[in-house]
Amino acid sequence: MALIDQHADRCVYPRPFPEGFDACPAFQATSFIAADSRNKPLGTWRTCRHLATGNDLENRGRFYPRCALGDEQQRLQWLAQVTPAKLDVVRALQDEFDQLSRPHRERLFDARARLHSGPASAAREPELEQLINGFLSTIDRFLELNDERFRDVGLPAEPLRQLIKEWVWAWVRTPELATPRLDEKPLEVFDSPARAFLGAPIEPVVSAARRLWDRPLYSDTILQILPTVDPPGLALVGDVDRSNVAAVAQVLARARGHAGDVHLDLSGLLFCDLGGLQVIVRASQALDAGRRLVLHGIPRQLERALEIVDWAPLPNLAIAGGVNG
Amino acid sequence: MRGTAPVDRFSHEALLYSDMDEYLDGTLAFIREGLAGSEPVLVVVGAPKIAALTARLGPDAGRVQFKNMADVGANPARIIPAWHQFVESHAGSGRPFRGIGEPIYPERSAAELIECQRHEALLNVAFDEGPAWRLLCPYNTTALPPDVVEEAHRSHPYVAYDHSYIASGIYAEEAIVRAPFTTPLPEPPAVRATLAFNGMGLRPVRRLVSTEAARAGFTSGPIADLVLAVGEVAANSIEHGGGSGTLRIWLDGGVLVCEVRDRGHFDDPLADRRRPAAAQDGGRGLWLANQLCDLMQLRSFKSGTTVRLHMHRRRNP
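Protein sequence lines, in the order shown, are assigned to chains A and B. Taking our numbering, the leading residue of the first sequence gets 1, the next gets one more, and so forth. Taking our numbering, the leading residue of the second sequence gets 326, the next gets one more, and so forth.
By construction, these hints were calculated from the structure, which means they are not laboratory data. Do not take every clue at face value.
One side only, chain B facing chain A, incomplete, derived with CB under 8 Å [to be verified]:
1) Gly526
2) Thr536
3) Ala539
4) Ser545
5) Ala560
6) Arg609
One-sided excerpt, in silico: chain A residues whose CB lies under 10 Å from chain B [unchecked claim]:
7) Arg242
8) Arg300
9) Ile308
On a predicted model such as this, the values are computed, not experimentally measured, just so you know. Quick reminder that beta carbons are idealized off the backbone N, C-alpha and C, glycines included.
Next up, chain A with everything else stripped away, as it sits in the complex (with noise of 0.2 Å):
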């Protein structure tokens, strides 16, 4: 056995995951129905959108917990691309279609179990159909009333009415599968990184700039200053707030010694508040004439926020391309 786990991407949490599991940032809650081997229901289980089964390649036909977003940088920027507030809004919306379809989802359990286990199956059909489209109509009358959600979440209602629909119904025709296997291709309507929400795969999600994360800088439980290189700068990954700002500044004089341009990656950035634009701002106000400090897929809010108090525009504080949220 080796010592150093090889697989990045394992998920390093407890599960099943307890009641207001919170650790895991991209952490998102959906329930799932287990069966036995005669599919009876056997209860509700929570579990995590992103959480998928990874093959041990050094030990054939050994799994294990795999993050489908994949190791703990990639879950960051991709947090970071979404934005927590429209994870909340899909976890939100998750927890209401739970809660909605549960009754749903364990009469359809007991009619599929029905439909496949005697030789009278023909004659249920009638009553799976029924109940299939009693669930469908209340799952359309749930994606209209929060249209306005789905679609700020990238979800557009009516390619995710059709997903829905087929995933019902390969639900009830695959006796085997407690939970449908997805088929990638209709998932690719919706753009990468919110097909994510789906439990989709999404392609590599990449920073503003190439950040060098075995030589942090700065580190707390809530972010990481990393050095950056294409282009040499610094990266900001996490929340900045009044408990690490004082390191946030000292960090940036640090940089403002080197000759030329300081770039600073803020795509990593799940939240910053105003002592942090004010750090940042100095920063920039404290160079010479002609040097530039140079924010990198500064979040649009965060761009906002620098209008809203005056900070922008600035003669010393330019910002590049890469916007995210």
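Using the hints provided, position chain B relative to the given structure of chain A.
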């Protein structure tokens, strides 16, 4: 006492009208008087009234600057900064200038009406010591509750009825307005979440606001705005409010309210409506909160300070 309003200082006048004809008579006379003296005129009222005034003014409408109160003053705390900007751009010219502002209209919620009345009173604090100009505030006496109309007499030293001005007999002493706002706040209907916080970290505060706003049906834009605004108010509690505070969140109809209470005391009545200077350190949190939220209720008692931030579920597009 009858006569005209003074011209040597800021003159805050209420126009009481009972129907559209009276409204148009009063406001058009005020506007035309200004235009006759080549004064810059800014009118901040609702869209239907802008349309009616524009139609009656004809070609003269082009000489009047109109702004929609729904854009400028959805949150009444944004109105004083807008007038500040108007005053600053004309104060140096040596010419007189005037404005019409109608922040109080019947569609306002009860909470908004109270904050609008506070706004009307604060206009006197904000402009009394500045240059001379005239601001006329129309009040609809048919549709507004009688106590709101009575309050207009307290916040406006001059009240116009029937083509003449009288000095309001009950105009409130400025010292009263300068004191912290202590009008009690109603108890929340049903609190959805409560969290005590201190200097150990504000991440739990941000997580709770975000989760509750998402559960209440908000989209990501207003959620992120509310997280930022509540974070700033909570940071104020840690810096100036005794080092700790309590967050409570509830839903009141379609309005999500986040309340931060602490043991601090607050004595600058205009702290949340003064545009921050680029060079100042800190002191931007309340300003930002007013720009991001639909309403902020600030109260400071001897026992402590309460700030309530309101976010409407359906925001004006």
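Hint by hint, here is what the structure shows:
1. Gly526: The hint holds - glycine 526 (chain B) has a Cβ within 8 Å of chain A, the shortest such distance being about 5 Å.
2. Thr536: holds (6 Å)
3. Ala539: Since the shortest Cβ distance to chain A is 4 Å, the answer is holds.
4. Ser545: Holds. Min distance 4 Å.
5. Ala560: Result: holds, 5 Å to nearest chain A Cβ.
6. Arg609: Given a least distance of 5 Å, the restraint on arginine 609 (chain B) holds.
7. Arg242: Hint on arginine 242 (chain A): holds, closest Cβ of chain B at ~5 Å, below 10 Å.
8. Arg300: holds (9 Å)
9. Ile308: The hint holds - isoleucine 308 (chain A) has a Cβ within 10 Å of chain B, the shortest such distance being about 5 Å.
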